[in-house]
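> Fit chain A to the given chain S structure using the hints.
If you read the protein sequences in the order shown, they are chains S and A.
Going left to right, the first sequence walks through residues 1 to 414 as UniProt numbering numbers them.
Going left to right, the second sequence walks through residues 1 to 331 as UniProt numbering numbers them.
To be clear, the hints were calculated from the coordinates, so they are not data collected in a lab.
Check before you lean on any hint, since a few could be wrong.
Looking from chain S toward chain A, a few residues come up when the C-beta cut is under 8 Å (computed) [claimed, not checked]:
#1 A86
#2 T89
#3 E103
#4 T109
#5 G193
#6 N245
#7 F246
#8 V247
#9 G249
#10 S295
#11 A376
#12 N379
#13 E390
20 Å max Cα-Cα, derived DMTMM-like pairs, lysine to aspartate or glutamate [unchecked claim]:
#14 S:K404 to A:D102
#15 S:K403 to A:D102
#16 S:K169 to S:D119
#17 S:K244 to A:D169
#18 S:K68 to S:E410
#19 S:K254 to A:D188
#20 A:K104 to S:D216
#21 S:K404 to S:E380
#22 S:K254 to A:E172
#23 S:K403 to S:E106
#24 A:K104 to A:D188
#25 S:K244 to A:E172
#26 S:K181 to S:E157
#27 S:K36 to S:E319
#28 S:K407 to A:D102
#29 A:K104 to S:E380
#30 S:K344 to S:D119
#31 S:K404 to A:E101
#32 S:K407 to A:E103
#33 S:K309 to A:D102
#34 S:K403 to A:E103
#35 S:K403 to S:D216
#36 S:K404 to A:E103
#37 S:K169 to S:E157
#38 S:K244 to A:D277
#39 S:K218 to S:E410
#40 S:K244 to A:E101
Heads up, the beta-carbon is just placed ideally off N, CA and C, and yes, glycines get one too.
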Amino acid sequence: MTRTAKSVSIAVTVATALALTSCGGSGGDQTPADAKQTLTIWAMGEEATRLRTIADEYTKENPDITVKVTPVGWDVVHQKLVSAAAAGTLPDMAQMGSTMMGEFIELGTLEPVDTKAFDKNDFFPATWNGNVVDGEAYGVPWYADARALYYRSDLAEKAGVDGAPATWKDLRALAGAYKNKAGATWGMDLQPGSTGAWQAWVPFLYSAGGELLGKDGKPALDSPEAVKALTEFGHYFDAGLSKKNFVVGYDVLKDFSSGRVPMFQSGPWMVQNFAEQQPQLNGKWKVTPVPADASSTSWVGGSSLVTFKDSEHKAAAQEFTKFLTNPRSQARWYEISKTLPANKAAWNEPALKAGGESLAVFRKSLDTAREIPPMAKWNEFSVMIEDALEKVARGADPAETAKKLQKSTESLVG
Amino acid sequence: MSTTAAKAPDDRDRTRPTGSASRAGDGKDRGAPPRRRDRLSTQNLAGWLYSTPFLSLFLTFMAFPVVATLVMSFTDFGLRNVTDPFSAEFIGLDNYTRLVEDEKFVRALLNTGLFVVLGVPLTIGCGLVAAVLLNSGIDRMRTFFRVGFYAPVVTAIVAVAVIWRFVLDPAEGLIAGLAGQLGLKSPDFLASETLALPSLVVMAVWRNMGTAMVLFLAGLQAIPTEVREAARIDGAGVLQEFRGITVPLLRPTMLYVAVMTTIGFLNVFEEPFVMTDGGPSDSTLTISLHMYRQGFDFFHMGYASAMAYVLFVIVLAVTLLQLRLLKDKTR
Chain S
1 MTRTAKSVSI
11 AVTVATALAL
21 TSCGGSGGDQ
31 TPADAKQTLT
41 IWAMGEEATR
51 LRTIADEYTK
61 ENPDITVKVT
71 PVGWDVVHQK
81 LVSAAAAGTL
91 PDMAQMGSTM
101 MGEFIELGTL
111 EPVDTKAFDK
121 NDFFPATWNG
131 NVVDGEAYGV
141 PWYADARALY
151 YRSDLAEKAG
161 VDGAPATWKD
171 LRALAGAYKN
181 KAGATWGMDL
191 QPGSTGAWQA
201 WVPFLYSAGG
211 ELLGKDGKPA
221 LDSPEAVKAL
231 TEFGHYFDAG
241 LSKKNFVVGY
251 DVLKDFSSGR
261 VPMFQSGPWM
271 VQNFAEQQPQ
281 LNGKWKVTPV
291 PADASSTSWV
301 GGSSLVTFKD
311 SEHKAAAQEF
321 TKFLTNPRSQ
331 ARWYEISKTL
341 PANKAAWNEP
351 ALKAGGESLA
361 VFRKSLDTAR
371 EIPPMAKWNE
381 FSVMIEDALE
391 KVARGADPAE
401 TAKKLQKSTE
411 SLVG
Chain A
1 MSTTAAKAPD
11 DRDRTRPTGS
21 ASRAGDGKDR
31 GAPPRRRDRL
41 STQNLAGWLY
51 STPFLSLFLT
61 FMAFPVVATL
71 VMSFTDFGLR
81 NVTDPFSAEF
91 IGLDNYTRLV
101 EDEKFVRALL
111 NTGLFVVLGV
121 PLTIGCGLVA
131 AVLLNSGIDR
141 MRTFFRVGFY
151 APVVTAIVAV
161 AVIWRFVLDP
171 AEGLIAGLAG
181 QLGLKSPDFL
191 ASETLALPSL
201 VVMAVWRNMG
211 TAMVLFLAGL
221 QAIPTEVREA
231 ARIDGAGVLQ
241 EFRGITVPLL
251 RPTMLYVAVM
261 TTIGFLNVFE
271 EPFVMTDGGP
281 SDSTLTISLH
291 MYRQGFDFFH
301 MGYASAMAYV
311 LFVIVLAVTL
321 LQLRLLKDKT
331 R
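Chain A on its own, in the form it takes in the complex:
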């Protein structure tokens, strides 16, 4: 049991370049200071040369924009500065204080919060149920269902938007048609201030559960059958097995899925962008969408950058919280 539990987090770390492996390396160096000078010695030259493509790409396309955005968030960078970037004036924390007074930003913050609170548990729940069913319940057509559930993840958002507009259309949509059969009247989902956001949450869950499902499937297949057998011999029922064996052993996968899904939902942009444009009455305006508009429609680059950093801090805080709450306490 312990071997499998240890295996999964390793997989996780490998996918994250800034994971514990690199931190461990730093720790070692601190223990042996003289080795530090060797880093730039001729023996290491080859290594540095090999890393150059990555480093140059990283510095140009990741590090530089990150730093530039941070600097920009303290300036009044606007349309005029596009042709003359260095004439932007430093205005200190003005952008950040303005954010607090921006009604739309507060609204966007609340909407994004709703997206996360509704969307993340649903995505994880649906993904987990689908994975458990596919892992044990359904034998035939397993590949068909796997592909089916994963297809929305890889489908272009434009195609998804067309399908969902049809599903939600109040006059001739899928739901309206079904409701009509039952003698009910379908509401106009996307045009209603109360229903638009939940509709988009459902759509986002549908789009994202495939990823969660695939990850959970991998996690489930790593649970050794011996453990399950032992549980069954001890008389565990289906639910008990699920609660006592499946969920605890899936914890590392669960952590990864929870963190990635939450980050995804905090950054939610495409669904409101293609479906509602933030409306009606800003009821589906999210932080990312508000940021996009401020930055690229109005060219308030400084202001949008400040928003980006606020979002970054929120993502960081939520992720750290999750890592703390969901970490493997058995070790």
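Just chain S, with the same shape it has in the complex:
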């Protein structure tokens, strides 16, 4: 063997060995679903403890599959997942927050969902669509957090306003009445910039008929609808109905309960928070779908269940995902965690039918709500929106801000 041939053959061997070891996890050693195995799943915050309960129930029915739930804090999960992806130490499955989806799809670490095993029509469209890139779904919706409007019904009565605000006009009127007739300091809570402010504005954008990304996949943030939504958002600050100043860590619940800020938008978890932290408010507040302009369209957050490409337990992961997303478990999950089922059929289960008025509002919102499109650079995209909102809240011209926002986000997509 000549020297070159020798080194070539060594190179080939090494390359093959490398290729084999790197693919070993994803291709070769798949454990069948009926073999004895341990399935590792990362879950966030409170969900981890609750998931353990339901996972134990699953193991009782399927003794071969032991589910190990690893709790990870919401604040660190993003970094932990990225580090694990870099180190190749990802678990088999994870709970994935809706806005993180795009990034991990881009990283190429997620196993596409087998559409023969899961039917997209079983789920609310927004929850499913938030996981789809180029026609391929990468996660199965687990629970859905639609945003809605919470308001103090007792103070509305005091201010002489009947019924829930259904339109933007009603909303303005109610905010004004709160401030002028019911002694509230502010009419409504809208976060004027800083992390998370986009959450307050997107309902305005969607209700005006606008979108974050247009049909061409480019940002649509300078559309007339987006400008209209920015203008409406800005009005609350111009008119002194919302506080321009925001301090990190602000908890609206305290001010809501004292009546200083009698209106805010948030997700379904607040129902539970009210019951636990402000029981004296019982009967003094109501929740209603986000007020409509062209339509009443909220957005959906929440979490999906993903399986990682390198997992050796994909079959078991699929079984467990099926279990967690079937109507019966989803209803059980609602009982444990009070988060809303992403599976439509689960809403016919008794636990949800008995959920009362607030739950019906969220059910209604979920039907019309839309997703945050999965974007690899969502973090940056959202910060751009937040910067623009801060400018508008401080009096900048909405149309001009929208133009700048459009320009600064164009490079982040596609």
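Here is chain A on its own, set in the frame of chain S:
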């Protein structure tokens, strides 16, 4: 007098592994080249073995990241490269030229400069005053006050944030309450573009003055009483004694405190991170915070690395300048 003045810088050098001691060693070797080969001889093997734990830790956790960051700063290392680091492309100085055009970076640079210009003199001043008072003025409860002033240094930033949010809260905070007693209205410190940064400076000074105080106390106690006595016999007043005796003899301590405090303030991160998140309108965005966001929120690792090196150069330049300006000119 000269013995004490010489003693303090020795203490300082011992705390800095790369100080003059190691440099002196290099100089000696250069004078006697044949000894160099002996370094790896069997007699030295034991020494090398003893240093292995340190060396391996240093190389893995210090030297490697430092070099990797430098290399990364010339690449477009981003999210995609996390799973496949070697596919990052070299883009030369692009990251550095982009920094100049980055409005937020320029803003962060200015804010950090303000932090340093306001914070460092205040920290040193407060630390020095506290130390002088504790050294001579207060006899009773000395330990109590020492612990009191030092406590913020060792308190977790999260707890500090809770306390300061309460202090600065415009509705029911400590300052608002006091202002209310006087019939005044407290501004919303953290939400105001002009007041947020000064508020954080005050908080940072409060957190850091304990360190300065402890160091100054040690320096003050090293000043021999004879010198003070001599000054007093010569008729020096309190202020004259302070200016003529205390400050000059504290110079070595002063240099150390100034350098460390300045480095601390150039790297300021925790205060804006927990209190304002850089807002409102980036008025409290610092270089470190901007870097953190670019690196860990957006995964622009290459860009963040470039920023880290710019900050490093600034720290180095400022430190060298201070060493030059504050060095002991009496020797």
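> If a hint holds in the structure, say so; if it doesn't, say that too.
A quick look at each hint next to the structure:
1. Annotation: A86 (chain S) was flagged as interfacial toward chain A, and the flag holds, the nearest CB pair being 5 Å apart, inside 8 Å.
2. The beta carbon of T89 (chain S) is not positioned within 8 Å of any beta carbon in chain A (closest approach about 12 Å), and the interface hint is therefore violated.
3. Given hint, E103 (chain S) at the interface with chain A, holds; its Cβ is 7 Å from that chain's nearest Cβ, closer than 8 Å.
4. Evaluation of the T109 (chain S) hint against chain A yields a held restraint, the C-beta minimum of about 7 Å falling below 8 Å.
5. Annotation: interface hint on G193 (chain S) holds; nearest CB of chain A at approximately 6 Å, less than 8 Å.
6. Because the closest C-beta pair between N245 (chain S) and chain A is about 3 Å apart, less than 8 Å, the hint holds.
7. Given hint, F246 (chain S) at the interface with chain A, holds; its Cβ is 6 Å from that chain's nearest Cβ, closer than 8 Å.
8. Against a cut-off of 8 Å between C-beta atoms, the interface hint on V247 (chain S) holds, since the closest Cβ of chain A lies about 5 Å away.
9. At a threshold of 8 Å, the smallest CB-CB gap from G249 (chain S) to chain A is about 7 Å, leaving the interface hint in force.
10. The interface hint given for S295 (chain S) is broken, as the beta carbon of that residue sits about 32 Å from the closest beta carbon of chain A, more than 8 Å.
11. Here the hint on A376 (chain S) is kept, as its CB sits about 7 Å from the closest CB of chain A, short of 8 Å.
12. At a threshold of 8 Å, the smallest CB-CB gap from N379 (chain S) to chain A is about 5 Å, leaving the interface hint in force.
13. The beta carbon of E390 (chain S) comes within 6 Å of a beta carbon in chain A, closer than 8 Å, and the hint placing it at the interface holds.
14. Restraint check: the Cα-Cα separation between K404 (chain S) and D102 (chain A) comes to about 15 Å, which is no more than 20 Å; the hinted pair holds.
15. Between K403 (chain S) and D102 (chain A) the alpha-carbon distance is near 19 Å, which keeps this suggested pair within the 20 Å criterion.
16. For a cut-off of 20 Å, the pair hint linking K169 (chain S) to D119 (chain S) is broken: about 39 Å separates their Cα positions.
17. Between the alpha carbons of K244 (chain S) and D169 (chain A) the distance comes to roughly 15 Å, so the proposed pair stays at or under 20 Å and holds.
18. A threshold of 20 Å between alpha carbons decides the hint, and for K68 (chain S) with E410 (chain S) the separation of about 42 Å lies outside it, so the pair is violated.
19. For a cut-off of 20 Å, the pair hint linking K254 (chain S) to D188 (chain A) stands: about 18 Å separates their Cα positions.
20. Annotation: proposed proximity of K104 (chain A) to D216 (chain S) is violated, straight-line Cα distance about 30 Å (limit 20 Å).
21. In summary, the hint linking K404 (chain S) to E380 (chain S) is supported, as the alpha carbons are separated by about 15 Å, within the 20 Å threshold.
22. Distance hint between K254 (chain S) and E172 (chain A) is fulfilled; the C-alpha atoms sit about 12 Å from each other, no more than 20 Å.
23. Proximity of K403 (chain S) to E106 (chain S) is assessed by CA-CA distance (about 27 Å); at most 20 Å being required, the pair is judged violated.
24. About 24 Å separates the Cα atoms of K104 (chain A) and D188 (chain A), which puts this hinted pair outside 20 Å; it is violated.
25. A C-alpha spacing of about 18 Å is found between K244 (chain S) and E172 (chain A), which places the hinted pair at or below 20 Å, so the restraint holds.
26. Simply put, K181 (chain S) and E157 (chain S) have alpha-carbon atoms about 10 Å apart, close enough for the 20 Å limit, and the pair holds.
27. With a C-alpha separation of about 14 Å, the suggested pair K36 (chain S) and E319 (chain S) falls inside the 20 Å cut-off, and the hint holds.
28. For the hint linking K407 (chain S) to D102 (chain A), the alpha-carbon distance of about 15 Å falls within 20 Å, and the restraint holds.
29. A C-alpha spacing of about 14 Å is found between K104 (chain A) and E380 (chain S), which places the hinted pair at or below 20 Å, so the restraint holds.
30. Restraint check: the Cα-Cα separation between K344 (chain S) and D119 (chain S) comes to about 11 Å, which is no more than 20 Å; the hinted pair holds.
31. For the hint pairing K404 (chain S) with E101 (chain A), the CA-to-CA distance comes to about 16 Å; that is within 20 Å, so the pair holds.
32. With a C-alpha separation of about 15 Å, the suggested pair K407 (chain S) and E103 (chain A) falls inside the 20 Å cut-off, and the hint holds.
33. The hinted pair formed by K309 (chain S) and D102 (chain A) fails the criterion: a straight-line CA distance of about 37 Å is larger than 20 Å.
34. The straight-line distance between the Cα atoms of K403 (chain S) and E103 (chain A) is roughly 18 Å, inside the 20 Å bound, and the hint therefore holds.
35. Simply put, K403 (chain S) and D216 (chain S) have alpha-carbon atoms about 18 Å apart, close enough for the 20 Å limit, and the pair holds.
36. Restraint check for K404 (chain S) and E103 (chain A): the C-alpha separation of about 14 Å stays at or below 20 Å, so the hint holds.
37. Of the pairs offered as hints, the one joining K169 (chain S) and E157 (chain S) holds, with about 18 Å between alpha carbons and a cut-off of 20 Å not exceeded.
38. For the suggested pair K244 (chain S) and D277 (chain A), the alpha carbons sit about 16 Å apart, so the restraint of at most 20 Å is met.
39. This hinted pair checks out: K218 (chain S) and E410 (chain S) have alpha carbons roughly 7 Å apart, not beyond 20 Å.
40. The straight-line distance between the Cα atoms of K244 (chain S) and E101 (chain A) is roughly 29 Å, outside the 20 Å bound, and the hint therefore fails.
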